[in-house]
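**Q** Chain by chain, the residues run as shown.
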Amino acid sequence: MEKAKISPRQLFVLMVLFQLGSSIIIPVGLTAKQDAWLAILGGMAGGLLLFLLYYKVGSYYPGLVPTEYMPKIWGPVLGKIFAFLYVLYLFYLAARVLRDFGEMLVIFAYPETPLFIINLLWMVLVVYTVRKGIEALARTGEILFTVVAILAVTSFILLVFNGSIDTRNLQPVFEEKPITLLKAMGESVTFPFGEILVFTMIYPYLTQLKKAKRVGLYAVLISGLILSVTMAINLSVLGFSLLSRSQFPLLSTIQTIQLAEFLERLDVFFMIGVIIGGFFKITIFVYVAIMGAASLFKVKESSHLVFPLGLITLFLSIGIAGNFPEHIREGLDVVPLYLHLPFQVIFPLLLLVGAILRNKKKQKKQLATK
Amino acid sequence: MSPFFKGKKQAAPNQSQPVDPMPGSITSNLQDNLSLVKQKFGNSPDIIIRELKIGSSKAKAAVIYVQGLVDNQLLNDFLIESLMQYQSSSQNETKPEMLDNIYDLVIPMGGVKKQTEWSKLLESLLVGATLIFIDGTDKAFTVASTQGGEGRSISEPTTQNVIRGSKEAFTENISTNISMVRRIIRTPDLWVESMKIGTQTNTNVSIMYLNNIVDHDVVQEVKKRLKKIKIDSILESGYIEQLIEDQPASPFPQIYHTEKPDVIAGNLLEGRVAIFVNGTPFVLLVPVVFIQFFQTPDDYYFRFDIATFTRFLRIFIFFISLIGPAVYIAATTFHQEMIPTQLVLIIAAQRETVPFPAVIEALIMELAFEVLREAGLRLPKAIGSTVSIVGGLVIGQAAVQAGIVSPPMVIVVAITAIASFATPSFAVAISVRLLRFIFMGLAAAFGFYGIIIGLIMMTVHLCSLRSFGVPYMAPLGPFRPVENGDTLIRAPWWATKKRPSLFSSNNVKREAENQMPAPPQPRTIKSESTEKGNQNES
Amino acid sequence: MSRKRTFLFGILASLSVFTSGCWSERQLTDIAMVAAVAIDRNEEGQYEASYQFFNPGNIAGGLQGGGGGQSPPVAVYTATGDTIMEVHGNMSRKISREPYYSHTNLVVISEELAKKEGIAPVLEAFDRGSQFRVTTSVVIAHGVKAKDLVTTLAALDKVPSQKIMQTLESTEKALGENIDIDLEEVINALVSPGREPMISGFTVKGDPKAGTKQESLQATEMPSPIVADGNAVFKNGKLVGWIEGTDARSVLWVMDRLQSTTITTAWAGQKDALSYRVVRQKTNVSADMKNGKPHISVHIHMEGDIGEVTVPINLKDPKTLEKIEKDIGKQVKKEIETSIRHTKKRKADIFGFGEVFHRAEPKEWKKVEKKWEDEIFPHLAVDVSVETFIRRTGLRNNSYLSEMKNGKE
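Residue numbers (this note's numbering), protein chains in the order written: chain E, 1 to 370; chain A, 1 to 538; chain X, 1 to 409.
Note that these hints are calculated values from the structure, not bench results. Accuracy of the hints is not assured; some may be wrong.
Using 25 Å as the maximum straight-line C-alpha spacing, the simulated SDA-like pairs for lysine to any residue come out as follows [stated by the list, open to error]:
1) Lys-224/A x Leu-243/A
2) Lys-345/X x Glu-303/X
3) Lys-177/E x Lys-80/E
4) Lys-3/E x Pro-248/A
5) Lys-116/X x Lys-94/X
6) Lys-132/E x Ile-272/E
7) Lys-381/A x Ser-153/A
8) Lys-80/E x Leu-296/E
9) Lys-367/X x Pro-336/E
10) Lys-363/X x Lys-3/E
11) Lys-33/E x Thr-6/X
12) Lys-326/X x Lys-367/X
13) Lys-5/E x Arg-303/A
14) Lys-3/E x Thr-6/X
15) Lys-132/E x Lys-381/A
16) Lys-183/E x Lys-80/E
17) Lys-347/X x Ala-174/X
18) Lys-3/E x Ser-124/A
19) Lys-282/X x Lys-5/E
20) Lys-282/X x Pro-336/E
21) Lys-509/A x Arg-303/A
22) Lys-132/E x Arg-225/A
Under 7 Å between C-beta atoms, here's a sample of chain E residues computed to sit facing chain A [what the hints assert, rightly or not]:
23) Leu-105
24) Leu-115
25) Leu-121
26) Gln-208
27) Lys-211
28) Ile-272
This structure is a prediction, so every number in the text was calculated from the model and none was measured. Every residue, glycine too, gets a C-beta built ideally from N, C-alpha and C.
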């Protein structure tokens with residue numbers, strides 16, 4: 001643990017940027033076709049529930065991170081094993097996100113550059129930031145949040161003036177069966193909303209712990225709305241068929257802007273937005289993974305771990321998949337079911353049950369002693 | 001600079017020579033005292049010892065001063081003359097009585113002290129005080145008011161020109177400088193503390209703050225850091241700056257320096273601490289935030305709308321001078337798709353004959369420009385224009401015509417250069433100069449990806465900095481909405497109700513409520529009278 | 001310890017910069033920017049692609065001014081291959097630089113290729129590649145080889161492909177008889193079961209060879225100008241026919257793409273008596289089920305001015321204007337209905353009625369989706385209603401023609 005404090009505002013900004021990070025480039029909820037934006041709203045509701053679950057578990061052990069309270073709930077051996085798995089899960093996710101963004105850059109702008117080199121530059125930035133600590137990251141978040149907001153609003157205005165937005169593409173609403181829509185909602189619960197799990201590692205830094213709940217709920221709500229609006233814009237500009245064929249729909253959307261013979265080819269907007277989003281996503285994952293490892297192995301100076309673990313993440317990101325489609329398939333089929341579901345839903349539920357039982361015992365003991 | 005270095009080199013061997021240990025206090029024997037002074041200064045001819053006899057008892061006395069450090073007229077007319085004309089009140093006054101009488105009746109000056117310790121005496125002698133020894137007493141006078149000698153008079157600032165506002169700038173003399181601020185802020189709450197730093201130079205260093213506004217933790221921290229300095233010399237405030245900043249490995253300045261008293265006054269009123277160093281017109285200010293380097297004194301004197309506009313302009317300028325050439329390199333070697341077709345065709349046409357890749361071309365031009373700038377800086381003003389003609393016109397034009405560099409590149413480098421001159425703070429402008437080359441490297445290797453990663457890294461770095469406990473990027477990160485009235489935007493004075501709480505923790509109220517001006521009520525009468533007035537004039 | 005780590009970090013950081021070796025770097029002097037791609041089919045059934053490359057030196061004019069006058073602003077190279085990527089590879093045998101497609105704004109496909117093979121396989125590579133833009137315009141070479149469109153020089157615009165682009169843009173705006181459609185729209189229409197693409201045709205009048213020389217630009221009238229010529233109608237990705245004139249305009253009208261056009265109508269028995277200029281128009285297409293069958297209604301609302309009269313009409317009289325409004329409405333309605341009738345025969349739903357029906361009745365659409373084009377569309381009931389408003393009559397009210405007549409009488 002560092003000696004650092006972040007304000008509720010900073011936590012909010014970090015959460016929103018984190019959620020937007022990769023979900024802006026990787027479309028979610030596409031099973032629902034042109035209702036994907038509705039599916040995201042539904043997923044957001046699930047995300048709110050998940051957040052409340054994490055918050056409830058954490059509220060039994062204020063000031064502690066999951067890797068610390070897991071042994072307290074499940075006993076030292078079992079708890080430590082699960083804490084270790086949890087840290088591995090975080091590292092895997094960090095590597096996955098790194099891979100996402102590396103691949104995005106290779107496909108979009110640097111086809112001849114090896115993925116490793118692209119990811120290396122990412123990791124240089126991430127390692128530097130993690131070493132500077134959560135305070136610097138949170139402040140950077142506040143500044144870059146403004147930048148992203150300006151970019152988003154500008155792009156939106158340009159899209160409107162360009163006449164690219166055709167809301168007819170959003171019709172017909174509710175075409176697919178309700179089951180399909182529900183399925184799409186379920187998909188978007190774990191990714192991206194379930195990933196706020198990582199912030200359980202960051203709450204102890206908050207200056208006003210009481211505000212954690214409100215901040216978290218607002219952050220999930222706002223990021224859900226932004227994601228939904230983005231998806232709706234993408235759909236209405238591109239139409240579902242083109243969107244579903246695009247690796248990066250947002251890029252295609254922005255490329256349609258051609259205004260006044262001058263405001264065109266605004267790919268750099270996309271690039272800035274996505275690199276900022278990716279930066280926060282990767283950095284927060286790596287940060288919490290390293291903090292988790294440090295608390296698990298009782299390393300006092302967590303900055304000693306940054307360098308070696310950063311390198312491991314880098315190599316992991318190259319090794320987890322042979323090619324991009326495989327990587328995406330894993331991300332859509334394997335990871336949600338076999339990793340997200342247990343780690344984001346089942347374990348926290350078990351933790352909650354354990355925590356409630358332990359607390360009851362404690363209360364009984366206290367009563368008995370009285 | 002060369003005399004300084006020479007001085008240092010000569011000083012070094014002297015140190016190794018055995019010097020008699022300094023006795024603690026003076027003796028009552030005048031001759032002993034005088035010979036000690038002579039020996040101490042190695043019979044330097046600029047140490048003037050004027051021996052005289054005073055009073056009816058014709059007591060032996062001596063006046064010691066350093067030539068050039070004292071105001072000769074003052075010394076002769078008031079001090080020596082009145083000493084010589086001293087008549088004892090009684091024939092048999094004792095030496096100590098005489099000493100008191102001289103102190104009470106003779107010396108028509110302020111700043112007189114009785115001293116016994118050699119160290120204090122020599123110290124004040126070296127800052128321009130005059131020493132008076134009287135035989136048979138074990139006390140001596142130091143007359144500080146004789147300080148004077150040649151110094152530069154107050155003139156206009158050379159590095160911070162303003163269009164509106166005070167035109168005076170600090171001088172090399174610390175007491176003049178302090179007085180210039182005192183003349184602006186007339187309150188007893190303006191406190192000054194001084195100390196001497198530098199084992200050889202014994203430079204006067206003073207800190208100044210407004211006692212009722214300043215955050216006292218910062219004052220303590222400043223004093224702590226200043227006291228920690230153990231160095232032989234302080235020749236300029238830059239020494240201090242480099243010895244007390246928070247993060248020495250950062251390319252960004254973490255201490256503000258200025259030569260304008262009104263800037264110091266304005267910042268003291270926001271709760272900052274000023275550090276004056278004798279011998280330089282540049283006064284330091286701590287703690288600072290990054291955005292402060294983009295503000296100029298005129299901002300506060302002009303109307304807020306234009307001031308806000310120029311602040312945005314300066315941020316824009318900062319980015320141009322930081323990544324101008326880098327963006328050109330990235331766009332022409334990686335992202336040709338992002339340039340409009342007509343423009344890319346023009347650039348491509350111009351680049352056909354250029355034998356270098358864009359990054360080499362940019363490096364050549366940037367280096368050439370740096371050389372020109374350096375040459376222009378050191379040359380006498382008369383030749384300076386020749387350099388710009390030869391450099392800018394002759395070399396630039398010839399290089400383009402020969403096809404060694406392309407005209408768009410020249411345009412980019414020129415815009416970058418002008419942008420870096422337009423940055424209000426020289427300290428930031430020079431750190432940007434260095435970073436620009438790093439960004440060019442990143443652009444050449446990774447295009448926009450490299451530039452954006454570099455910019456984020458720079459932001460992280462800036463956000464991790466602190467200046468005397470204050471986050472460097474405040475109030476942008478950590479974001480404090482209330483305090484953004486004086487950052488990128490400059491809110492009108494009637495809306496700036498509070499001081500930034502970053503620096504002044506306890507006293508933030510700046511002005512009364514309802515300061516927004518409005519036309520008088522009722523308006524009709526007034527307007528009639530002005531109309532009449534106009535008619536009369538016409 | 002910490003210093004060592006910082007050092008290592010620095011090494012790694014600089015390594016990542018220097019070892020990158022500028023893999024994806026492309027100097028401007030190493031690439032040849034493609035202005036337009038024209039694709040033909042040769043006798044062996046291979047693609048024969050002609051790339052029109054920008055010749056920057058001749059476009060920008062060079063430093064010394066006017067240096068670009070002598071040689072043409074573009075150069076055309078042709079290569080063959082079984083796939084577009086193969087063509088790209090073969091192209092490198094002929095050209096010293098790497099073709100670069102990001103500034104390509106025109107794809108020309110020959111009529112023959114579009115008829116026999118369809119356009120779908122050709123466009124795939126363009127859709128996939130990261131260099132190609134989705135906003136690239138697509139046209140069909142009508143009656144000439146696609147190559148002829150990119151080799152013919154143009155007078156006002158330095159780059160021929162830009163001439164085609166701008167002609168397309170301005171004619172869609174002013175006349176509304178050609179459609180400026182880009183790659184993304186073509187592919188969307190190809191994919192959608194409820195719509196077929198319509199793509200503008202261009203042709204070279206006169207001898208195509210004559211227009212390829214720089215000397216042809218010396219004349220005030222080009223010997224072989226490039227002109228917009230009809231619109232190709234596709235079905236299942238293959239060209240099935242051409243529609244022109246008011247038929248094409250009606251399609252744009254129904255698609256709500258028309259910006260302005262001129263309608264000439266009769267008055268008092270005289271043909272072409274007055275011209276009405278459409279300034280603003282809005283088309284609403286809606287669909288529903290009527291008697292168990294899909295039914296489409298098209299409603300057009302247009303506003304405009306009287307542009308010209310060739311017979312004396314009393315334009316001061318609101319009743320006359322009302323009558324004119326009605327006449328024009330009727331004529332537009334007739335035009336659109338004729339156009340729909342013609343299109344039905346080809347069984348190609350270029351109007352996109354299928355998409356409208358899909359949006360309005362998603363459940364019914366599921367049932368008819370497969371047979372829409374061949375069975376439903378040809379018998380589709382379409383109601384057209386037109387609302388016309390004459391807002392202004394220009395700087396004059398009654399024409400001087402009426403006074404001339406009066407004077408004679």
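**Q** Now tell me, hint by hint, if it's right for this structure.
**A** Hints and how they fare:
{"no.": "1", "hint": "Lys-224/A x Leu-243/A", "result": "holds (12 Å)"}
{"no.": "2", "hint": "Lys-345/X x Glu-303/X", "result": "violated (31 Å)"}
{"no.": "3", "hint": "Lys-177/E x Lys-80/E", "result": "violated (44 Å)"}
{"no.": "4", "hint": "Lys-3/E x Pro-248/A", "result": "holds (22 Å)"}
{"no.": "5", "hint": "Lys-116/X x Lys-94/X", "result": "violated (28 Å)"}
{"no.": "6", "hint": "Lys-132/E x Ile-272/E", "result": "holds (22 Å)"}
{"no.": "7", "hint": "Lys-381/A x Ser-153/A", "result": "holds (21 Å)"}
{"no.": "8", "hint": "Lys-80/E x Leu-296/E", "result": "holds (7 Å)"}
{"no.": "9", "hint": "Lys-367/X x Pro-336/E", "result": "violated (34 Å)"}
{"no.": "10", "hint": "Lys-363/X x Lys-3/E", "result": "violated (60 Å)"}
{"no.": "11", "hint": "Lys-33/E x Thr-6/X", "result": "violated (50 Å)"}
{"no.": "12", "hint": "Lys-326/X x Lys-367/X", "result": "violated (39 Å)"}
{"no.": "13", "hint": "Lys-5/E x Arg-303/A", "result": "violated (39 Å)"}
{"no.": "14", "hint": "Lys-3/E x Thr-6/X", "result": "holds (21 Å)"}
{"no.": "15", "hint": "Lys-132/E x Lys-381/A", "result": "violated (46 Å)"}
{"no.": "16", "hint": "Lys-183/E x Lys-80/E", "result": "violated (34 Å)"}
{"no.": "17", "hint": "Lys-347/X x Ala-174/X", "result": "violated (29 Å)"}
{"no.": "18", "hint": "Lys-3/E x Ser-124/A", "result": "violated (48 Å)"}
{"no.": "19", "hint": "Lys-282/X x Lys-5/E", "result": "violated (58 Å)"}
{"no.": "20", "hint": "Lys-282/X x Pro-336/E", "result": "violated (47 Å)"}
{"no.": "21", "hint": "Lys-509/A x Arg-303/A", "result": "holds (22 Å)"}
{"no.": "22", "hint": "Lys-132/E x Arg-225/A", "result": "holds (23 Å)"}
{"no.": "23", "hint": "Leu-105", "result": "holds (6 Å)"}
{"no.": "24", "hint": "Leu-115", "result": "violated (13 Å)"}
{"no.": "25", "hint": "Leu-121", "result": "holds (6 Å)"}
{"no.": "26", "hint": "Gln-208", "result": "violated (14 Å)"}
{"no.": "27", "hint": "Lys-211", "result": "violated (15 Å)"}
{"no.": "28", "hint": "Ile-272", "result": "holds (6 Å)"}
Checked against the numbered hints given earlier, this structure breaks hints 2, 3, 5, 9, 10, 11, 12, 13, 15, 16, 17, 18, 19, 20, 24, 26, 27; the rest are met.
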